[in-house]
Amino acid sequence: MKNLILFVSIIALLTSFKSADKNPIKKAKLKADADNGGITLPKGFGALVVSEGVGKARHIAVSEKGDIYVRLAKLKDGKGTIILKDNNGDGKADESIGFGSFVGTGIVIGNNYLYASSDSSVVRYPMVKGSPDESKPETIVTGLELYSEHGTKSLALDDKNHLYVTFGAPSNVCQEKNRMKGSKGMTPCPILEWHGGVWQFDANKKNQKQADGFRYVTGIRNIVGLDWNKQQGELYAMQHGRDQLTTLFPEMYNAEQSAELPSEEFLLLKKGSDFGWPYCYHDRFQGKKILSPEYGGDGKKQEICEGKDKPIMAFPAHWAPNALMFYTGDMFPAKYKNGAFICFHGSWNRAPLKQGGYFVAFVPFGKDGKPSGDYEVFAEGFSGGTEVKNPNDAKARPVGLAQSADGSIYITDSVKGKVWRIIHQ
Amino acid sequence: MKYIISLSLLTFFLSSAMIQKNTITKPQPSVYQPDSGKIIYETYCLACHQEDGSGVPNMNPPLIKTDWVLGDSTRLINVILKGLKNTEINGDSYSNEMPSHDFLTDYQIAEVLTYVRKSFGNQAGPISSEDVKKQRAKK
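Going down the list, the sequences are from chains A and H. Using my numbering, you'd call the opening residue of the first sequence number 1 and step up by one each time. Using my numbering, you'd call the opening residue of the second sequence number 1 and step up by one each time.
Careful, some of the hints might be misleading.
As the list claims (entries may be wrong) - Subject to a maximum C-alpha distance of 30 Å in a straight line, what follows is the list of computed DSS-like cross-link-like pairs (lysine-lysine):
no., chain 1, residue 1, chain 2, residue 2
1, A, 354, H, 65
2, A, 370, A, 270
3, A, 76, H, 65
4, H, 133, A, 181
5, H, 118, A, 354
6, A, 181, H, 38
As the list claims (entries may be wrong) - Across the chosen pairs, the derived CB separations fall in these ranges:
no., chain 1, residue 1, chain 2, residue 2, range
7, A, 194, H, 126, 36 to 46 Å
8, A, 139, H, 133, 51 to 61 Å
9, H, 86, A, 135, 31 to 41 Å
10, A, 329, H, 82, 44 to 54 Å
11, H, 75, A, 231, 53 to 63 Å
12, H, 123, A, 207, 50 to 60 Å
13, H, 130, A, 139, 54 to 64 Å
14, H, 65, A, 43, 38 to 48 Å
15, H, 75, A, 78, 28 to 38 Å
It is worth saying that the hints were derived from the structure and are not from the lab. Using N, Cα and C, we set each Cβ at its ideal position, and we do this for glycine too.
Can you make the complete structure from the sequences, with help from the hints?
Printed below as a string of structure tokens:
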């Protein structure tokens with residue numbers, strides 16, 4: 001018996017080598033890890049760990065030939081992006097190479113270029129034989145103001161040679177003194193002139209300043225999850241709602257209310273939209289935008305907020321949606337096609353309630369470009385426990401999403417930079 | 001279904017909570033004195049620095065054995081009075097900003113800092129209202 005097993009495995013090994021030689025991506029059979037890399041998925045799906053850790057990971061992109069590009073928030077051996085290569089086709093990274101010397105969040109492959117952002121610029125590299133040429137960087141957007149709060153730049157490309165860049169507001173709610181109890185909200189909020197929105201740039205023009213771009217949408221506190229929906233020809237994003245209603249207005253909001261308000265908003269970014277930050281926040285229990293207390297609100301009044309653009313879906317507060325990706329592949333069952341995957345990085349300010357998020361959600365979409373049903377938990381268990389009390393306890397936090405040519409998807413983690421690949425059998 | 005039930009319970013809960021404002025519910029500590037450092041910490045600091053002082057990775061620093069907490073008391077008092085921004089804490093940088101809490105009284109600041117200096121595994125001397133008063137006068 002033992003011999004038989006040995007024999008079979010040798011044959012299996014030999015054949016796998018043989019097929020790997022010829023066409024690594026197509027022929028090799030991907031196999032999920034026995035424990036799905038520590039996460040839980042719907043029936044029929046499996047996960048394999050591509051890498052146990054590349055560093056403080058952010059967003060991710062996968063090239064046509066299957067190389068994986070992970071952006072980092074902190075340099076690793078002087079490099080800001082890690083390239084993971086799978087040479088034998090088993091899905092596991094066999095090679096890890098540093099690329100580019102600047103950290104940041106945004107990364108997108110398109111137009112035959114790889115675009116990557118730092119918090120103050122966007123650089124692109126030509127794809128030569130399927131790989132970016134590190135020796136030929138071109139600066140596309142430059143000279144952006146550096147600031148730490150909501151300062152990361154997420155990227156998206158449309159099909160008309162435009163590049164979209166997020167400019168988060170370096171503020172919670174545009175108070176004269178940020179996050180300080182008793183400090184008034186500024187009217188008009190001067191931050192909105194250069195932040196609090198998404199700017200559109202020419203994807204092919206070098207050395208553009210922010211002023212050369214066009215403010216595509218405004219009234220958004222902070223976006224990290226951003227994606228161009230090819231089927232709809234529209235830009236979508238996830239907004240991080242404001243914090244600290246109770247620390248700033250304890251007489252108006254108790255700790256539980258502050259934990260559940262405002263919504264994290266799923267937004268359809270039509271050109272010229274205004275979603276109301278900082279004057280308004282979204283309350284999913286009342287189903288509308290409410291005037292912020294810093295601007296005279298009382299938790300019910302709407303006033304100017306009545307006319308602001310609404311989310312297409314509202315999620316529980318503070319879950320921190322850090323990646324958005326529309327699924328266009330064929331590997332997953334039909335209901336997933338053109339639906340949205342969202343990484344909820346996980347909350348930190350829901351005390352005294354338990355923290356929330358720390359999972360990847362799926363939202364089914366209809367032909368009209370709107371959600372066709374409620375969200376579902378797609379992948380969970382990242383934090384390693386049933387409940388997260390303090391964010392620092394979480395073993396992993398999902399932060400980036402990408403789809404590969406075969407229709408499998410990748411998830412990155414911000415704690416150690418673990419990378420999972422999700423397949424459907 | 002479970003989701004719907006909990007959602008409606010929550011809505012009910014929220015709306016009833018809205019009616020009777022001022023009900024600031026907090027995790028009830030086992031022993032505390034009213035207005036103690038712990039209560040002040042829970043009201044003003046916990047959201048960012050967390051219940052166990054461990055902070056939020058990349059966002060809000062821990063208050064566990066940092067030079068700032070254990071070290072020079074005037075520097076520590078100034079963090080509360082003036083806030084802090086873009087400063088590396090023990091080799092890591094944090095994206096949020098520490099807002100000024102100068103609206104707290106000298107006594108409250110002394111209490112909360114003494115609480116921080118004696119909690120989360122920290123062991124450092126107390127801060128007095130007098131110390132805070134002196135720093136505030138210097139502004």
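Quick rundown of the hints versus the structure:
1. A/354 - H/65: Holds, at roughly 25 Å.
2. A/370 - A/270: Given pair residue 370 of chain A, residue 270 of chain A holds - Cα atoms ~13 Å apart, limit 30 Å.
3. A/76 - H/65: 26 Å, holds
4. H/133 - A/181: OK: residue 133 of chain H and residue 181 of chain A at ~20 Å, within 30 Å.
5. H/118 - A/354: Roughly 25 Å between the alpha carbons, so the hint for residue 118 of chain H and residue 354 of chain A holds.
6. A/181 - H/38: With a Cα-Cα distance of about 19 Å, the restraint between residue 181 of chain A and residue 38 of chain H holds, given a limit of 30 Å.
7. A/194 - H/126: 36 to 46 Å: Cβ of residue 194 of chain A to Cβ of residue 126 of chain H: about 45 Å, so the range 36 to 46 Å holds.
8. A/139 - H/133: 51 to 61 Å: 52 Å, holds
9. H/86 - A/135: 31 to 41 Å: 33 Å, holds
10. A/329 - H/82: 44 to 54 Å: 52 Å, holds
11. H/75 - A/231: 53 to 63 Å: Check passed, 56 Å falls within 53 to 63 Å.
12. H/123 - A/207: 50 to 60 Å: Given about 54 Å between the Cβ atoms, the range holds.
13. H/130 - A/139: 54 to 64 Å: Once the Cβ atoms are compared, 55 Å apart, the range 54 to 64 Å for residue 139 of chain A and residue 130 of chain H holds.
14. H/65 - A/43: 38 to 48 Å: 46 Å, holds
15. H/75 - A/78: 28 to 38 Å: 32 Å, holds
In summary, this structure violates none of the numbered hints.
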